[in-house]
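Spelled out, the chains give:
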Amino acid sequence: MNLGLRNPAAKTIFFAILIVWSLAVLYPLAWTLLDALKNNAQFLGNAPWALPKLPLLWSNFSYVWDKYNFNSYFINSLVITAGSTVLGLLLSASTAYVLARYSFKGSGLLYLFYIASMMVPFVLALIPLFFLLNSLHLINTWFGLILVYASSVLAFGVFVLVGFFKSLPKELEESAVIDGASYYGTFFRIMLPLSQPGLVTVAIINVLNIWNEYVVGTVLINDPKHYTLPVEIGVLQAEMQYRTEWGPLFAALFITIVPVLVVYILFQRKIASGITAGAVK
Amino acid sequence: MKTSGTAKWQRSLFIASFTIPTLAFFSVFTIYPVIKALYYSLFDWSGMSDHMDFIGLQNFKDMLHDPIVWQALGNDYFLVAGKIVGIMLLATFFAVALTRFGFRLSGFFRSVYFIPNVISVVVIGVLWNFIYNPQIGFLNAFLSLFTKEPVAITWLGFTSHTIWMLLPPSIWAGIGFYMILLIAAIQNVPESLYEAAELEGANQWHQFCHITLPLVWEQMKVSIINIMMTTLNGSFVIVWLMTEGGPDNTTQVMGSYLYQMAFRQYHFGFGAAIGVLILITSLITTVALQRLLHRETIEMS
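Chains A and B supply the protein sequences, listed in that same order. Per this note's numbering: the first sequence ends with 281, consecutive numbering throughout. Per this note's numbering: the second sequence ends with 1301, consecutive numbering throughout.
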């Protein structure tokens, strides 16, 4: 039973607030797309909310894609996000499974260690990471960023997946052991398929965070060939002070947003359940 | 059942093979850098040579006399306070409105409100730069509708208080995440409590004050502390994208000052010391907030 609000005036006002906030969220996105289809004359001569003039300048998109090398930045982002998500998931799922199912000397401490590490601001590690990767010759490489990103999402993955593995029933594993399955067989053939929903949730949240990451990318990548999308957006916006190509800049923003929006629309529920699981401490 | 030696050995081997690679990896790429940062903070080091001068706590003493550090610290706490108030008020309102008020389209609103949280802060920074842009910006054009002369305010160029301009984007970007957390918390409150309150004629405000608020307080506490930590750790990005700490260092935050000192001015030791300051302030503030927000928690049976 949920009677909701009884006062009709309050109901109208609150509903209006909800509508206004959805516009405050959606309008900037629509605005990004509309402005991506304008030329500079329209930026300078018309109101910011004016619709783009016909013919629409879809060429701004091909312009950033080819001339600004967004094709290669897109691939950089894709490879780095995929690589670090998979590596991070492998490393956190294995530890999380053992922590959830086996008790051994130091297991409680190990769990606490990962949880406590989430309290440490990552920016603290920025300077040493730069020199560490420099000495490993991993500055300006896909691999270097993948290693750092995988490590940065590890503790979150351990935390959420320990909770997830604990919520799975033990019976299937027990019967697998009776049937003579090895420890590894039990994990890979029974537990991994069962835990797919939890793994997917963690993976999606990591994909979003890594795709959007800026600070580490800026510090560890300074060769334009290896820029990720957010790093390039940061560079592009600084360049705009001297070179005004607003339409293409908005097209660049839109190209960066679209993949995460698609992921969000497809996996909304998973994302909500993931952040809820990750925040209950 | 007796466990034989080989079975025990197999079990240990399995546990080791599933924990040690992760721990080793994590130690190299997260723990080692953190410890190394503490170490670097005791040196005067340009980063370019192997030559490092051990200077003890001199970097920290220098910080005490560096007005920009104090400015950055103040700005960080300004953003923390502003974001806590702005985000918590709006996120709580939305969470309650979308769960308790029986509105149509609640699911739609919920989906839409989370969208800013999946967008990169870089994109958000650039977008808001265009809202504030003095020549072609949205805000000036909008205000010009109501004035005779076109408005040409440089929103990000005030000699003081420019940091205020960074609050709206930060709040806009943060609400959805905390709204989702609070929605989950509210949905965990037993419906029977609300039903009993309805029967006794309690209105929505009373239900909020006497049922929702006390029962989701734990989650609010977690959210407030989380806002504080992510702000001290990450407010850097929005600052760097929108003002680069300017004008005249008035919008500098600890993170952006760290970046500037280390990667622009090559004072890596001092930069590391700012990192340590971020760690210390973040830990102290966590403890302080825990104390401040402590309430008798109500166990749900």
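Note that these hints are calculated values from the structure, not bench results. Be aware that a few hints might be false.
[What the hints assert, rightly or not] A few chain B residues that face chain A, going by a derived Cβ cut-off under 10 angstroms, partial list only:
no.	residue
1	L1038
2	Y1040
3	F1103
4	K1148
5	H1294
Backbone N, C-alpha and C define an ideal beta-carbon position, used for all residues, glycine too.
Here is how each hint holds up against the structure:
1. L1038: Where the cut-off is 10 angstroms and the nearest Cβ of chain A is about 8 angstroms from L1038(B), the hint holds.
2. Y1040: Result: holds, 6 angstroms to nearest chain A Cβ.
3. F1103: holds, 6 angstroms
4. K1148: violated, 16 angstroms
5. H1294: violated, 15 angstroms
Hints 4, 5, counting from the list given before, are not met by this structure.
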